[in-house]
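Asker: Going down the list, the protein sequences come from chains A and B.
Mind the numbering: the first sequence is residues 1185 to 1511 in our numbering, read in order.
Mind the numbering: the second sequence is residues 1185 to 1511 in our numbering, read in order.
No wet-lab data here; the hints were simulated from the structure.
Check each hint, because a few of them may be wrong.
Since the list gives no way to pick out one identical chain from another, each pair is judged satisfied if it fits inside one copy or across any two copies.
[To be verified] Cross-link-like lysine-lysine pairs, in silico, DSS-like; alpha carbons within 30 Å at most:
id: 1; residue 1: K1228; residue 2: K1506
id: 2; residue 1: K1380; residue 2: K1424
id: 3; residue 1: K1506; residue 2: K1459
id: 4; residue 1: K1459; residue 2: K1228
id: 5; residue 1: K1328; residue 2: K1450
id: 6; residue 1: K1344; residue 2: K1509
id: 7; residue 1: K1509; residue 2: K1382
id: 8; residue 1: K1450; residue 2: K1350
id: 9; residue 1: K1382; residue 2: K1506
id: 10; residue 1: K1450; residue 2: K1201
id: 11; residue 1: K1450; residue 2: K1344
id: 12; residue 1: K1205; residue 2: K1350
id: 13; residue 1: K1350; residue 2: K1191
id: 14; residue 1: K1328; residue 2: K1509
id: 15; residue 1: K1450; residue 2: K1509
id: 16; residue 1: K1277; residue 2: K1228
id: 17; residue 1: K1344; residue 2: K1193
id: 18; residue 1: K1304; residue 2: K1424
id: 19; residue 1: K1424; residue 2: K1509
id: 20; residue 1: K1344; residue 2: K1424
id: 21; residue 1: K1290; residue 2: K1304
id: 22; residue 1: K1350; residue 2: K1228
id: 23; residue 1: K1462; residue 2: K1193
id: 24; residue 1: K1462; residue 2: K1382
id: 25; residue 1: K1344; residue 2: K1277
id: 26; residue 1: K1298; residue 2: K1350
id: 27; residue 1: K1205; residue 2: K1235
id: 28; residue 1: K1344; residue 2: K1328
There are 2 protein chains.
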Amino acid sequence: MIDRNRKVKWGILGCGKIAHKFANDLLLNDNSELVACVSRDVEKSTAFAEKYNIRFSFDSYEDFARCDEIDVVYIATPNSYHKEHSLLCLRNKKAVLCEKPLATNKADVEEMIKVAQENKVFFMEAMWTSCLPNIISINNTIQKGIIGELIHITADFGFKTGYDPKSRLFDPNLGGGSLLDIGIYPLYISLLLLGKPKSIRVSMRYCETGVDTSCSALLSYENGATAALFSSFETVTDIKCEIYGTEGKIVIPGRFHEQNEYLLSKQGFSEQLIKSEKVGLGYYHEIEHINECLYRGEVESFIMPFRMSLDLIEIMDEMRFKSEKFS
Amino acid sequence: MIDRNRKVKWGILGCGKIAHKFANDLLLNDNSELVACVSRDVEKSTAFAEKYNIRFSFDSYEDFARCDEIDVVYIATPNSYHKEHSLLCLRNKKAVLCEKPLATNKADVEEMIKVAQENKVFFMEAMWTSCLPNIISINNTIQKGIIGELIHITADFGFKTGYDPKSRLFDPNLGGGSLLDIGIYPLYISLLLLGKPKSIRVSMRYCETGVDTSCSALLSYENGATAALFSSFETVTDIKCEIYGTEGKIVIPGRFHEQNEYLLSKQGFSEQLIKSEKVGLGYYHEIEHINECLYRGEVESFIMPFRMSLDLIEIMDEMRFKSEKFS
């Protein structure tokens, strides 16, 4: 448990693009202090530290993980390193916020959670969407039954990028593929709102490296509700989410995973635009949530609990290993 | 073959809601003459005839079918009567435009086509969407490769109506259910643009009468393209269609099946709104197409050929008999 009278001391492991975005939002948070960063590339970590006025910069992950000044580490390395880097920090009694997906298979995620529990330190998957006031508001609206029983959800996340076998996105060794990289957002929304599906049917398109370039899924639930999910590196989609209930509809417009507004259409009423707070790029709210968890001495997030991370990876495993394959 | 110097003489079998809409569009067409109508309810057929200034009105389908004044009959009775009424007219050498779905199973559709061929008369399913200039323009744009290779299609058609076991929509004996009633439109679009799928996965919600109240399908194609289709009597959707290609996107906005415009977003260009002609409610274009077929002496439509009707019913059979069922 961290004393509420002091700031939570954050370290960032990995100094790439996402680390920069996260650091900018950290600086906006009054309860956070960015104290350390690390990259194997010393120039990268030094430049990062200078840019954000960070006291400790490392070029050794091990030294970083042993640094007593750090309360909580944000893991921002490529997918395939998440496990190794999380375990290193957790074993050094550092709380960990690890970029999603936590790992590339369920067994690895289970091991990571086990190590967090054994070491009694906080651990959470960086599904920042889960902490956004907009998503929390939507979830509340739905849980209150305002749009009735959920019948159908659609969510898409597609962008177009040229095929490059050396890019992280297409490299199976770095946990590439559209599902793991972006399909996790549509999947998260359906999991949040409908829970674990009863059946999962998937079609994927594959590229030469063996990862999926497009992924289309039909998830079916106990009550007959369905979710139609789509992710792609081959085509530009609106990145929207539509939620259909028996009494109305919610649409989260473009870039639904980081949006600060939604449209509520209740049967017989005119459409309402509901706006929510969003600070910085949106990571701010995740940071604030984690600080709160640490002040309370929690080892698990109540917004993004272990169960949710296990469900996410279990479904993604099933999707990748049982899909119809095309190339 | 009908002489181009005279009007095509139409008869309408069934005088319900859809018959009224169709009659209004017929009156707009210079090459058409509405000469006869029939309903078992003599008051209904008399009123219909008076309203549209129709020379012959019948209360016997048999007498109507034998009337020499009629070239082509529009069948507008409930789904479960389509076969009986089409066969009656075809055997009396009348060309037939039959409301969709042609029948409620593939064997019946095959029989109807066989009878049309034996009697050498024109026969077509009233998939009027297929004749709309907007849909023809979209199909041309896609066939020309303007949005690249198709990756994914979504199409929905949902409205909300209270459960009423006596309503045509919920009555299995009248060919009820969301798939047969409205799901045929999303399915038609995917068939038109992507052809016959390699695999079909479906989840349906059922009501007490045994018909589906919502239907969600994932169709997968040889090249890995997918179509996510949804129809429902339980929730209001936009009734839109989105078509994603490797080089761009086409969106047909609300009530896509009768729309007269679409949005084309080509990679790297600004979005274009493309408008098409639409006369009357849109049935006009179907009427015009059939007149043309009859002037040419065709027995099959080149826009909505037998193959398309067979594929539609074959897929709907598979969807209904092989779906995961929920109630």
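Asker: Taking the hints in turn, state whether each one holds.
Answerer: A quick look at each hint next to the structure:
1. K1228 <-> K1506: neither (40 Å within a copy, 57 Å between copies)
2. K1380 <-> K1424: Both ways: K1380 and K1424 sit 21 Å apart in one copy and 28 Å across, limit 30 Å.
3. K1506 <-> K1459: neither (39 Å within a copy, 43 Å between copies)
4. K1459 <-> K1228: Neither, since 38 Å and 53 Å both go past 30 Å.
5. K1328 <-> K1450: within (13 Å within a copy, 41 Å between copies)
6. K1344 <-> K1509: within (20 Å within a copy, 36 Å between copies)
7. K1509 <-> K1382: Answer is both: 21 Å inside a copy and 12 Å across each meet the 30 Å cutoff.
8. K1450 <-> K1350: between (48 Å within a copy, 27 Å between copies)
9. K1382 <-> K1506: Classified as both; 15 Å inside a copy, 17 Å across copies.
10. K1450 <-> K1201: between (40 Å within a copy, 28 Å between copies)
11. K1450 <-> K1344: Answer is between; shortest inter-copy Cα gap is 12 Å, intra-copy 35 Å.
12. K1205 <-> K1350: Within one copy only: 23 Å inside a chain, 59 Å across chains, cut-off 30 Å.
13. K1350 <-> K1191: Neither: 40 Å inside a copy, 66 Å across copies.
14. K1328 <-> K1509: Between copies, since 27 Å is at most 30 Å while 40 Å is not.
15. K1450 <-> K1509: Between copies only: 28 Å across, 39 Å inside.
16. K1277 <-> K1228: Within. Shortest intra-copy distance 26 Å satisfies the 30 Å Cα cut-off; inter-copy 82 Å does not.
17. K1344 <-> K1193: neither (38 Å within a copy, 53 Å between copies)
18. K1304 <-> K1424: Neither. Shortest intra-copy (38 Å) and inter-copy (50 Å) distances fail the 30 Å Cα cut-off.
19. K1424 <-> K1509: Result: close both inside a copy and across copies, 25 Å intra and 28 Å inter.
20. K1344 <-> K1424: Cα proximity of K1344 and K1424: in one copy and across copies (16 Å, 23 Å).
21. K1290 <-> K1304: Within. Shortest intra-copy distance 21 Å satisfies the 30 Å Cα cut-off; inter-copy 63 Å does not.
22. K1350 <-> K1228: within (21 Å within a copy, 72 Å between copies)
23. K1462 <-> K1193: within (23 Å within a copy, 65 Å between copies)
24. K1462 <-> K1382: Close neither inside one copy (34 Å) nor across copies (44 Å); limit 30 Å.
25. K1344 <-> K1277: Neither: 40 Å inside a chain and 55 Å across chains, both beyond 30 Å.
26. K1298 <-> K1350: neither (33 Å within a copy, 57 Å between copies)
27. K1205 <-> K1235: Within one copy only: 12 Å inside a chain, 69 Å across chains, cut-off 30 Å.
28. K1344 <-> K1328: between (38 Å within a copy, 20 Å between copies)
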